[in-house]
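Here are the chains, one letter per residue:
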Amino acid sequence: MVEIRDGKKVLVTPVSAEDLADIKVGDVIYLDGDLMTCRDVAHRRLVEYGRDLPYDIRDKAIFHAGPIVRPIEDAAPGEPDYEMVSVGPTTSMRMEKFEYEFVKQTGVRVLVGKGGMGPNTERACREFGAIHCVFPAGCAVVAATEVEYIAEHHWEELGMPETLWCCKVHGFGPLIVSIDAQGDNVFERNKVLFNERKDEALQVIDEQVSFIK
Amino acid sequence: MSHEDQVRLMTDKMASFVGHVAKVLPDDVQEKITQMAAAETDPLAKSIYETMHRNMQLAEKLDRPSCQDTGVLQYWVKCGTGFPLMGDLEALLKEATVQATFATPLRHNSVETFDEVNTKRNVGKGTPTVFWDIVSDWDGCEIYVYMAGGGCTLPGHAMVLMPGDGYEGVAKFVLDRMTSYGLNACPPLLVGVGVATSVETAALLSKKALMRPIGSHNDNERAAKMEQLLEDGINKIGLGPQGLGGALSVMGVNIENTARHPSAIGVAVNVGCWNHRRGHVIFDADLNATVTTHSGVEL
Numbered sequence: 001m002v003e004i005r006d007g008k009k010v011l012v013t014p015v016s017a018e019d020l021a022d023i024k025v026g027d028v029i030y031l032d033g034d035l036m037t038c039r040d041v042a043h044r045r046l047v048e049y050g051r052d053l054p055y056d057i058r059d060k061a062i063f064h065a066g067p068i069v070r071p072i073e074d075a076a077p078g079e080p081d082y083e084m085v086s087v088g089p090t091t092s093m094r095m096e097k098f099e100y101e102f103v104k105q106t107g108v109r110v111l112v113g114k115g116g117m118g119p120n121t122e123r124a125c126r127e128f129g130a131i132h133c134v135f136p137a138g139c140a141v142v143a144a145t146e147v148e149y150i151a152e153h154h155w156e157e158l159g160m161p162e163t164l165w166c167c168k169v170h171g172f173g174p175l176i177v178s179i180d181a182q183g184d185n186v187f188e189r190n191k192v193l194f195n196e197r198k199d200e201a202l203q204v205i206d207e208q209v210s211f212i213k
Numbered sequence: 001m002s003h004e005d006q007v008r009l010m011t012d013k014m015a016s017f018v019g020h021v022a023k024v025l026p027d028d029v030q031e032k033i034t035q036m037a038a039a040e041t042d043p044l045a046k047s048i049y050e051t052m053h054r055n056m057q058l059a060e061k062l063d064r065p066s067c068q069d070t071g072v073l074q075y076w077v078k079c080g081t082g083f084p085l086m087g088d089l090e091a092l093l094k095e096a097t098v099q100a101t102f103a104t105p106l107r108h109n110s111v112e113t114f115d116e117v118n119t120k121r122n123v124g125k126g127t128p129t130v131f132w133d134i135v136s137d138w139d140g141c142e143i144y145v146y147m148a149g150g151g152c153t154l155p156g157h158a159m160v161l162m163p164g165d166g167y168e169g170v171a172k173f174v175l176d177r178m179t180s181y182g183l184n185a186c187p188p189l190l191v192g193v194g195v196a197t198s199v200e201t202a203a204l205l206s207k208k209a210l211m212r213p214i215g216s217h218n219d220n221e222r223a224a225k226m227e228q229l230l231e232d233g234i235n236k237i238g239l240g241p242q243g244l245g246g247a248l249s250v251m252g253v254n255i256e257n258t259a260r261h262p263s264a265i266g267v268a269v270n271v272g273c274w275n276h277r278r279g280h281v282i283f284d285a286d287l288n289a290t291v292t293t294h295s296g297v298e299l
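Here the protein sequences come in this chain order: L and B.
Under this note's numbering, the first residue of the first sequence carries the number 1, and numbering increases by one thereafter.
Under this note's numbering, the first residue of the second sequence carries the number 1, and numbering increases by one thereafter.
In short, the hints are calculated from the structure, not lab data.
The beta-carbon is built from N, C-alpha and C at its ideal position, and this holds for glycine as well.
A hint or two may mislead.
Taking lysine to aspartate or glutamate pairs in the EDC-like style, the calculated list, with each CA pair at most 20 Å apart, reads [what the hints assert, rightly or not]:
| # | chain 1 | residue 1 | chain 2 | residue 2 |
| --- | --- | --- | --- | --- |
| 1 | B | Lys-236 | L | Glu-148 |
| 2 | B | Lys-120 | L | Glu-73 |
| 3 | B | Lys-236 | L | Glu-196 |
| 4 | L | Lys-198 | B | Glu-60 |
| 5 | B | Lys-120 | L | Glu-83 |
| 6 | B | Lys-172 | L | Asp-199 |
| 7 | B | Lys-225 | L | Asp-81 |
| 8 | L | Lys-97 | L | Glu-200 |
| 9 | L | Lys-9 | L | Asp-59 |
| 10 | B | Lys-236 | L | Glu-188 |
| 11 | L | Lys-198 | B | Glu-168 |
| 12 | L | Lys-198 | B | Asp-165 |
| 13 | L | Lys-191 | B | Asp-42 |
| 14 | B | Lys-172 | L | Glu-200 |
| 15 | L | Lys-213 | B | Glu-221 |
| 16 | L | Lys-24 | B | Asp-176 |
| 17 | B | Lys-236 | L | Glu-200 |
| 18 | L | Lys-9 | B | Glu-50 |
| 19 | B | Lys-61 | B | Glu-298 |
| 20 | L | Lys-104 | L | Glu-83 |
| 21 | L | Lys-191 | B | Glu-231 |
| 22 | L | Lys-104 | L | Glu-148 |
| 23 | B | Lys-225 | L | Glu-207 |
| 24 | B | Lys-172 | B | Glu-112 |
| 25 | B | Lys-61 | L | Glu-148 |
| 26 | L | Lys-191 | B | Glu-298 |
| 27 | B | Lys-172 | L | Asp-206 |
| 28 | B | Lys-94 | B | Glu-112 |
| 29 | B | Lys-120 | L | Glu-156 |
| 30 | L | Lys-213 | B | Glu-168 |
| 31 | L | Lys-198 | B | Glu-298 |
Examples of chain L residues toward chain B, derived with CB under 10 Å [as the list claims (entries may be wrong)]:
| # | residue |
| --- | --- |
| 32 | Pro-136 |
| 33 | His-153 |
| 34 | His-154 |
| 35 | Leu-193 |
| 36 | Asn-195 |
| 37 | Asp-199 |
Whenever a hint applies, use it, and build me the whole structure from the sequences.
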């Protein structure tokens, strides 16, 4: 579902392919609902070892992130037993080799992380109707305060960063769309520009560093 | 004070300092980020800087680590041979790391290699890492605390160039890394470059370079010139905050160097993210601590 709140576009889970149709790279959006942290080992378990995720993320969002959490003392049974302290995105590119299969198998709609992803993810976004967004990295306290609570957690044996922390979020963002559901990729576009500018910069430097004579 | 009490005192002071470094950025980084934000005109870049500032304020106010990735702790020690706790330092820094892990709290970031098990205490075989410089005829001790997340660890790279590649080769090596890996490493970055003989000597220098204050320069005139040329060159690429484009790319470029073998130029690059958590403290022989990087901090 899409909501406009205080002039901001908010995706609310469950998210459909139609909800993503008008969203373009460079747009800034927010998220309400279900967001599960998911990174290297969980991707590998699903894609390489064929293990099902213990939490259904169809039409929901994942966050490439390994948080700092703190146990809540005296939590009543059935109540949240961990508090989110600090959670920012990790490098999404590490998940690139798994992401096509991952999106295909899970039906996840929104991938949140940092930095660019490559052709596997572009293809997944285009074929299955998903997007990749950047949460400003290093802004982990901002993100943590947008997590209402941790509803479930799974695969704790992987340690704090790799555990699947299933969060309820409200106004989670800003999320900058880096790959849209058409497969357009802002980082790949920027790379071309950055490389052109790099070549110009190197020419200027080269003229001034001939120290070996 | 008994020797045992001295060890306890220094352990507590270091644990407390590690916690502070995780939550509050050093003065030079805060100042530089503010300057760079002011130079941006692009609305997206400006809004990212605003989020970064909000994060700095929230981290301090809510007393939480400013980034969730609190790294594998590194301690760069410069110890006088007369410092009373020289022989205890490695063990007490390990203990301070465990203490800070639970008190701060820090993320559990020490995974035993091959066993592939997280120790859940931030210490393991060889971690935290302690690098040593020994100073004769001194009874004090300086320590840099550094925590780098995985994101800004990934661009790290070292290789040995042939002399024919020259310093032009060094520049290309550094700039290539910026457009391939740098944009994912949470720019604006602080870039450390090591120039020496081999991969390990250059690599160590490139990380050590990140301990230097932003805006400081190499003592060698040509090396200082190259720092400025690289800084200007990388800024012209316009990575912007988060690599999404903007007026600037880096907080600075610091080069550290040694003499080299005539047949080889070892070069390495290491980057620090914008959330550059580096702290510096000097202990005297009575364990009075002076923090130089964070104003208003007393241990």
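Now the hints, each set against the structure:
1. Lys-236/B <-> Glu-148/L: violated (41 Å)
2. Lys-120/B <-> Glu-73/L: holds (19 Å)
3. Lys-236/B <-> Glu-196/L: holds (11 Å)
4. Lys-198/L <-> Glu-60/B: violated (37 Å)
5. Lys-120/B <-> Glu-83/L: It holds: about 17 Å lies between the C-alpha atoms, which stays within 20 Å.
6. Lys-172/B <-> Asp-199/L: This hinted pair holds, its Cα atoms lying about 9 Å apart.
7. Lys-225/B <-> Asp-81/L: violated (55 Å)
8. Lys-97/L <-> Glu-200/L: violated (32 Å)
9. Lys-9/L <-> Asp-59/L: holds (17 Å)
10. Lys-236/B <-> Glu-188/L: holds (18 Å)
11. Lys-198/L <-> Glu-168/B: The hint holds at about 13 Å.
12. Lys-198/L <-> Asp-165/B: holds (18 Å)
13. Lys-191/L <-> Asp-42/B: holds (18 Å)
14. Lys-172/B <-> Glu-200/L: Roughly 11 Å between the alpha carbons, so the hint for Lys-172/B and Glu-200/L holds.
15. Lys-213/L <-> Glu-221/B: Status holds; Cα separation ~17 Å.
16. Lys-24/L <-> Asp-176/B: violated (29 Å)
17. Lys-236/B <-> Glu-200/L: With Cα atoms ~9 Å apart, Lys-236/B and Glu-200/L stay inside 20 Å; holds.
18. Lys-9/L <-> Glu-50/B: holds (19 Å)
19. Lys-61/B <-> Glu-298/B: holds (18 Å)
20. Lys-104/L <-> Glu-83/L: violated (31 Å)
21. Lys-191/L <-> Glu-231/B: holds (19 Å)
22. Lys-104/L <-> Glu-148/L: Not satisfied, since the Cα-Cα distance of roughly 29 Å exceeds 20 Å.
23. Lys-225/B <-> Glu-207/L: holds (13 Å)
24. Lys-172/B <-> Glu-112/B: violated (35 Å)
25. Lys-61/B <-> Glu-148/L: holds (19 Å)
26. Lys-191/L <-> Glu-298/B: violated (45 Å)
27. Lys-172/B <-> Asp-206/L: holds (9 Å)
28. Lys-94/B <-> Glu-112/B: Holds - the C-alpha atoms of Glu-112/B and Lys-94/B are around 16 Å apart, at most 20 Å.
29. Lys-120/B <-> Glu-156/L: Answer holds: Lys-120/B to Glu-156/L is near 11 Å, not above 20 Å.
30. Lys-213/L <-> Glu-168/B: holds (13 Å)
31. Lys-198/L <-> Glu-298/B: Violated - the C-alpha atoms of Glu-298/B and Lys-198/L are around 44 Å apart, more than 20 Å.
32. Pro-136: holds (5 Å)
33. His-153: The hint is violated - His-153/L has no Cβ within 10 Å of chain B, the shortest such distance being about 14 Å.
34. His-154: Violated, about 16 Å.
35. Leu-193: holds (8 Å)
36. Asn-195: holds (6 Å)
37. Asp-199: holds (9 Å)
Violation of the numbered hints given earlier is confined to hints 1, 4, 7, 8, 16, 20, 22, 24, 26, 31, 33, 34; the remaining hints are satisfied by the structure.
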